[in-house]
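Participant: Chain residues, written in single-letter form:
There are 2 protein chains.
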Amino acid sequence: MAIMPVTDSMFLLAESREHPMHVGGLQLFELPDGAGPDYVSEFHRQLLSLVDVSPLFRRRPRGPVGSVGQFAWTGDDHLDLEYHVRLSGLPRPGRVRELLELTSRLHGYLLDRHRPMWEFTVMDGLQGNRFATYTKAHHALLDGVSALRLLQSSLSEDPSDMAVRPPWSPRVRTDVFGSAPRDRDHDSAFDPVRAVTELAKEVRGFGAATVKLVNEAFREQSATLSFQAPRSMFNVPITGARRFAAQGWPLDRIKAVLKATGTTMNDVMLAMCSGALRKYMLDLGTLPEKPLVAAIPMSLRTDRSVGGNAIGLILCDLATDRAEPLDRLTTIHESMLRGKAVYHGMSRLQITALSALPLIPLAVGTIPGMIRITPPAFNVLISNVPGPRKPLYWNGARMQGVYPLSIPYEGQALNITVTSYAGSLEFGLTGCRRTVPHLQRLLGLLDESLEELEKAV
Amino acid sequence: MAIMPVTDSMFLLAESREHPMHVGGLQLFELPDGAGPDYVSEFHRQLLSLVDVSPLFRRRPRGPVGSVGQFAWTGDDHLDLEYHVRLSGLPRPGRVRELLELTSRLHGYLLDRHRPMWEFTVMDGLQGNRFATYTKAHHALLDGVSALRLLQSSLSEDPSDMAVRPPWSPRVRTDVFGSAPRDRDHDSAFDPVRAVTELAKEVRGFGAATVKLVNEAFREQSATLSFQAPRSMFNVPITGARRFAAQGWPLDRIKAVLKATGTTMNDVMLAMCSGALRKYMLDLGTLPEKPLVAAIPMSLRTDRSVGGNAIGLILCDLATDRAEPLDRLTTIHESMLRGKAVYHGMSRLQITALSALPLIPLAVGTIPGMIRITPPAFNVLISNVPGPRKPLYWNGARMQGVYPLSIPYEGQALNITVTSYAGSLEFGLTGCRRTVPHLQRLLGLLDESLEELEKAV
Numbered sequence: 001m002a003i004m005p006v007t008d009s010m011f012l013l014a015e016s017r018e019h020p021m022h023v024g025g026l027q028l029f030e031l032p033d034g035a036g037p038d039y040v041s042e043f044h045r046q047l048l049s050l051v052d053v054s055p056l057f058r059r060r061p062r063g064p065v066g067s068v069g070q071f072a073w074t075g076d077d078h079l080d081l082e083y084h085v086r087l088s089g090l091p092r093p094g095r096v097r098e099l100l101e102l103t104s105r106l107h108g109y110l111l112d113r114h115r116p117m118w119e120f121t122v123m124d125g126l127q128g129n130r131f132a133t134y135t136k137a138h139h140a141l142l143d144g145v146s147a148l149r150l151l152q153s154s155l156s157e158d159p160s161d162m163a164v165r166p167p168w169s170p171r172v173r174t175d176v177f178g179s180a181p182r183d184r185d186h187d188s189a190f191d192p193v194r195a196v197t198e199l200a201k202e203v204r205g206f207g208a209a210t211v212k213l214v215n216e217a218f219r220e221q222s223a224t225l226s227f228q229a230p231r232s233m234f235n236v237p238i239t240g241a242r243r244f245a246a247q248g249w250p251l252d253r254i255k256a257v258l259k260a261t262g263t264t265m266n267d268v269m270l271a272m273c274s275g276a277l278r279k280y281m282l283d284l285g286t287l288p289e290k291p292l293v294a295a296i297p298m299s300l301r302t303d304r305s306v307g308g309n310a311i312g313l314i315l316c317d318l319a320t321d322r323a324e325p326l327d328r329l330t331t332i333h334e335s336m337l338r339g340k341a342v343y344h345g346m347s348r349l350q351i352t353a354l355s356a357l358p359l360i361p362l363a364v365g366t367i368p369g370m371i372r373i374t375p376p377a378f379n380v381l382i383s384n385v386p387g388p389r390k391p392l393y394w395n396g397a398r399m400q401g402v403y404p405l406s407i408p409y410e411g412q413a414l415n416i417t418v419t420s421y422a423g424s425l426e427f428g429l430t431g432c433r434r435t436v437p438h439l440q441r442l443l444g445l446l447d448e449s450l451e452e453l454e455k456a457v
Numbered sequence: 001m002a003i004m005p006v007t008d009s010m011f012l013l014a015e016s017r018e019h020p021m022h023v024g025g026l027q028l029f030e031l032p033d034g035a036g037p038d039y040v041s042e043f044h045r046q047l048l049s050l051v052d053v054s055p056l057f058r059r060r061p062r063g064p065v066g067s068v069g070q071f072a073w074t075g076d077d078h079l080d081l082e083y084h085v086r087l088s089g090l091p092r093p094g095r096v097r098e099l100l101e102l103t104s105r106l107h108g109y110l111l112d113r114h115r116p117m118w119e120f121t122v123m124d125g126l127q128g129n130r131f132a133t134y135t136k137a138h139h140a141l142l143d144g145v146s147a148l149r150l151l152q153s154s155l156s157e158d159p160s161d162m163a164v165r166p167p168w169s170p171r172v173r174t175d176v177f178g179s180a181p182r183d184r185d186h187d188s189a190f191d192p193v194r195a196v197t198e199l200a201k202e203v204r205g206f207g208a209a210t211v212k213l214v215n216e217a218f219r220e221q222s223a224t225l226s227f228q229a230p231r232s233m234f235n236v237p238i239t240g241a242r243r244f245a246a247q248g249w250p251l252d253r254i255k256a257v258l259k260a261t262g263t264t265m266n267d268v269m270l271a272m273c274s275g276a277l278r279k280y281m282l283d284l285g286t287l288p289e290k291p292l293v294a295a296i297p298m299s300l301r302t303d304r305s306v307g308g309n310a311i312g313l314i315l316c317d318l319a320t321d322r323a324e325p326l327d328r329l330t331t332i333h334e335s336m337l338r339g340k341a342v343y344h345g346m347s348r349l350q351i352t353a354l355s356a357l358p359l360i361p362l363a364v365g366t367i368p369g370m371i372r373i374t375p376p377a378f379n380v381l382i383s384n385v386p387g388p389r390k391p392l393y394w395n396g397a398r399m400q401g402v403y404p405l406s407i408p409y410e411g412q413a414l415n416i417t418v419t420s421y422a423g424s425l426e427f428g429l430t431g432c433r434r435t436v437p438h439l440q441r442l443l444g445l446l447d448e449s450l451e452e453l454e455k456a457v
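Heads up: the sequence lines are chains D and A, in that order.
Position one of the first sequence corresponds to residue 1 (UniProt numbering), numbered consecutively onward.
Position one of the second sequence corresponds to residue 1 (UniProt numbering), numbered consecutively onward.
For the record, the hints were derived by calculation from the structure and aren't laboratory data.
Every residue, glycine too, gets a C-beta built ideally from N, C-alpha and C.
Heads up, a few of these hints could be off.
What the hints assert, rightly or not - Partial chain A-side listing against chain D, Cβ under 10 Å, derived: (1) Tyr83; (2) Arg105; (3) Arg113; (4) Met123; (5) Arg398; (6) Glu448.
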């Protein structure tokens, strides 16, 4: 038994029925040649036959322990693999619609704290010679980026490799995490709750000079926007049910736009989101007059004296008030440049502090009534996580796509997480089912948005 | 908005991640002649097209409200029918095994308190020209018996009746509840939490004579057993995950045994349970030396001066220490007679009080550590709820079977609820997944147990 670091236990403390604190991933696989009708249930049976489980996937929370109510990690000696590794079916006709419906539902259920907090669901009955898997892990155990890398490291680039082991197998390389798996330098360290917890821990060590610098930088950052994020339909209290939508677009289409406009991959991705959100909110009659503000975590090089990378949170003007797609893209591009410039020359500690400030309302969001009275620092969290470039295989089954599922927060009802995989940009949209109605519509609107950009350049 | 009666809100207060407080039902239907491959998804689509929902199924809890933390019932004006009425698929090969696996999982998830607390899942992909439905309702909204009666009243005895409406339709007769739907006289009023809450409410009105009588009756009731219920594997703290198993046996087989032995339907049902539990625990090496004690809620005629029926809790010696099936049946029969005799001549109030006493540990079971130190008043709760005698149809689809899912409590990891339907005795076993391993084995053992009784008479 080991006392859990505060950065882990925060996710257990912050969790409630309305705010599950787990991340997920949806993976689509092609059935390999010659796969029979029982291929998927056989795949599941094989997973259950591999009874070795690595210590990471055996640990479960215990607590609160001790006089100060800390949580601890403890090992589960009676791991019930059948509980964690599940087989589900889709109802007919087994389209992507039915797949997303089931995935949405699974992502809304709380994980059982009496067991290691992860689940892996194999999904049978998908049309078009495919099957899917949904992975789910509590954020206290594994964050989304680590989960993605772990899956990636378990798969093979070789279609004829039949020795692929599931992510929880002790045979899977875990060096994907680098030397320190939960190190703050790592992309994966970014998360609202974690960022604020880090800040709270480190703020004690701040000298007066640091506090002054962060305060000034915060004013400067706010000044880059020249306006306050408007109140919007996404910045309200949320409920427990989730809706998930996912789709991929060819990277080549996005690259053509960025080359023609001198912008970045991230800019074009944000412009797609901007166009889609604008139309979505226009249709619902909820588009604010002022443009929406997105918060985008980005890996930044820091002052050389500290070394390494740090994650900075950029507040970006999404220009949803502009009707022209290229206007929006240009505004986004400039806003991102200004946002990054604020962090120039800062130490990692300063970056952490500055990034955490706009996230404090999310971290304290579980206090009832808070969200209604505090204006949002931003309207939507959009993350872009680099993924594998080459196609990956699970015992010959080619992974067609991989889509991240994230955590909506009180006051942040929609999360957009994007990753790249084998020539495709994969969008995963996770929303509160009640607050973000007809989330699937955003997929069609993202597509329209990209088409408009293509026509405009 | 109406303040919720304490008998309803108790179920919300007593609920935690580990103790979901909802009841459920699994219904099996035959596909009608000529049903195409999309029959089940079409059935689901039709349900969604009936947008009228009765007030009972629109109300959701609001609270705690007011200074004393009471809950209230409020109406949901934005009922999201697609959220409540779901379509699920079974993985191949779609046997009863896969059906029970999915049902177990669904029964372990908490209901969303932001919405009316019920769900109806249509299940596609079942072998043998069948489909299934799983109904789930929070105990604060509807108890198991009421839910069963409501379903029953929504179905038709006429296979050609194509005007069947789902249980939540305002067109469904609700007179099945009788004049007072949540009246204590009703069978449905029986539940550990409710019984104890009733007791707490009424104890203030007890005169000294009543207290004396109940105390004496409790001593007498305990004396009928001449021993204390042993500690057993079922009387421990539980986890949140559930396992469900269900099967029906022809009533004729059970009637043949009761006629040959001069016992009752209930006695033979209990003897089946006794034989199965004995063998299950012997296999696991956990059979206590002393016999298990079952608690059985029964409808009792009360002292004529009070009128009506009341639910009494009978503590029955299950004779699991005896190897001979007929010995067990005889012991059970005699124990039930003695248990009923205790209640003879009592008023309804006295019956309520006496029945509530052994249930207090369950009602206070959410206090950590309580269960470990308190010896159990009984080992397993077994309920027998009368069901419909004639076959029922949903727009021509014959209901083959209906199986109740109940609530395991802290310290009571296994619940057996039995109902009758169209010539069959339908067993529903709901257990904590961790505490009651391989629950499905009990089905085979129940079958063996009935066969042994048949051979012995």
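Participant: Hint by hint, note whether the structure agrees.
Facilitator: Going through the hints against the structure:
no.: 1; hint: Tyr83; in the structure: holds, 6 Å
no.: 2; hint: Arg105; in the structure: holds, 7 Å
no.: 3; hint: Arg113; in the structure: holds, 7 Å
no.: 4; hint: Met123; in the structure: holds, 8 Å
no.: 5; hint: Arg398; in the structure: violated, 21 Å
no.: 6; hint: Glu448; in the structure: violated, 25 Å
In summary, the numbered hints that this structure violates are 5 and 6.
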